[in-house]
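Counting in this note's numbering, the final residue of the sequence shown is number 133, and the numbers go up one at a time with none missing.
Treat the hints as calculated values from the structure; they're not laboratory data.
Keep in mind that the hints are not guaranteed to be accurate.
EDC-like mimics (lysine to aspartate or glutamate), calculated; alpha carbons at most 20 angstroms apart, straight line [claimed, not checked]:
| hint | residue 1 | residue 2 |
| --- | --- | --- |
| 1 | LYS70 | GLU130 |
| 2 | LYS83 | GLU51 |
| 3 | LYS83 | GLU73 |
| 4 | LYS70 | GLU96 |
| 5 | LYS112 | ASP78 |
| 6 | LYS53 | GLU81 |
| 7 | LYS70 | GLU114 |
| 8 | LYS112 | GLU81 |
| 9 | LYS70 | ASP93 |
| 10 | LYS112 | GLU75 |
| 11 | LYS70 | ASP84 |
| 12 | LYS112 | ASP84 |
| 13 | LYS53 | GLU96 |
| 14 | LYS70 | GLU81 |
| 15 | LYS53 | GLU130 |
| 16 | LYS83 | GLU130 |
| 17 | LYS53 | ASP93 |
| 18 | LYS53 | ASP78 |
| 19 | LYS83 | GLU121 |
| 20 | LYS112 | GLU130 |
| 21 | LYS83 | GLU61 |
| 22 | LYS83 | GLU96 |
Derived DEER-like restraints, expressed as beta-carbon distance ranges [what the hints assert, rightly or not]:
| hint | residue 1 | residue 2 | range |
| --- | --- | --- | --- |
| 23 | GLN38 | THR131 | 18 to 26 angstroms |
| 24 | GLN47 | ILE88 | 36 to 44 angstroms |
| 25 | THR7 | LYS53 | 41 to 49 angstroms |
| 26 | PRO124 | VAL94 | 25 to 33 angstroms |
Note that beta-carbon positions come from the ideal geometry of N, C-alpha and C, so glycine has one too.
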Amino acid sequence: MGTQLTTGHRWLIAMLCVLAVAGCSAQLEQRAAPMRVQSTNLSYVLQNSVELKAARAARTELRAGTRWTKIGEIEQGDVYETKDQVVIVNSFDVHEASIVVANQSVVGYYLKIENAFVAVEPVPIVLSRETQE
Numbered sequence: 001m002g003t004q005l006t007t008g009h010r011w012l013i014a015m016l017c018v019l020a021v022a023g024c025s026a027q028l029e030q031r032a033a034p035m036r037v038q039s040t041n042l043s044y045v046l047q048n049s050v051e052l053k054a055a056r057a058a059r060t061e062l063r064a065g066t067r068w069t070k071i072g073e074i075e076q077g078d079v080y081e082t083k084d085q086v087v088i089v090n091s092f093d094v095h096e097a098s099i100v101v102a103n104q105s106v107v108g109y110y111l112k113i114e115n116a117f118v119a120v121e122p123v124p125i126v127l128s129r130e131t132q133e
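Work out the full structure, taking the sequences as your base and the hints as a guide.
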């Protein structure tokens, strides 16, 4: 003799499955307009270490003393990248990222391959123009 599921139990199981799948596939990124590329040789040095936190993602530290170059713009701000450290957004997937700066604060990550923006809790930063010797 097998156990019979009532209609109510079947509905509950179906809803739990839908919620589980939706939660797993929820992405923390939003599509960004294509980045407007800017070719510049200007480098900036990050004066203060900062910690970034996106929803449902591990914290990321940007180290003081790293050099950053503005590579373009998106609607949310200016996009900078560095060769001094690897910036990773680690959530359901792992993404290499650039940072997005607006009003002297990091406001998010830009994922070049996905053409997507990931918001973070805004964190003030100080980028000083690197002097050429």
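To see whether the hints hold, each was checked on the structure:
no. : hint                                  : result
1   : LYS70 with GLU130                     : 12 angstroms, holds
2   : LYS83 with GLU51                      : 18 angstroms, holds
3   : LYS83 with GLU73                      : 19 angstroms, holds
4   : LYS70 with GLU96                      : 16 angstroms, holds
5   : LYS112 with ASP78                     : 13 angstroms, holds
6   : LYS53 with GLU81                      : 18 angstroms, holds
7   : LYS70 with GLU114                     : 19 angstroms, holds
8   : LYS112 with GLU81                     : 11 angstroms, holds
9   : LYS70 with ASP93                      : 26 angstroms, violated
10  : LYS112 with GLU75                     : 14 angstroms, holds
11  : LYS70 with ASP84                      : 14 angstroms, holds
12  : LYS112 with ASP84                     : 18 angstroms, holds
13  : LYS53 with GLU96                      : 15 angstroms, holds
14  : LYS70 with GLU81                      : 7 angstroms, holds
15  : LYS53 with GLU130                     : 27 angstroms, violated
16  : LYS83 with GLU130                     : 15 angstroms, holds
17  : LYS53 with ASP93                      : 15 angstroms, holds
18  : LYS53 with ASP78                      : 18 angstroms, holds
19  : LYS83 with GLU121                     : 24 angstroms, violated
20  : LYS112 with GLU130                    : 25 angstroms, violated
21  : LYS83 with GLU61                      : 15 angstroms, holds
22  : LYS83 with GLU96                      : 12 angstroms, holds
23  : GLN38 with THR131: 18 to 26 angstroms : 21 angstroms, holds
24  : GLN47 with ILE88: 36 to 44 angstroms  : 22 angstroms, violated
25  : THR7 with LYS53: 41 to 49 angstroms   : 43 angstroms, holds
26  : PRO124 with VAL94: 25 to 33 angstroms : 27 angstroms, holds
Violated hints for the displayed structure, listed by number in ascending order: 9, 15, 19, 20, 24.
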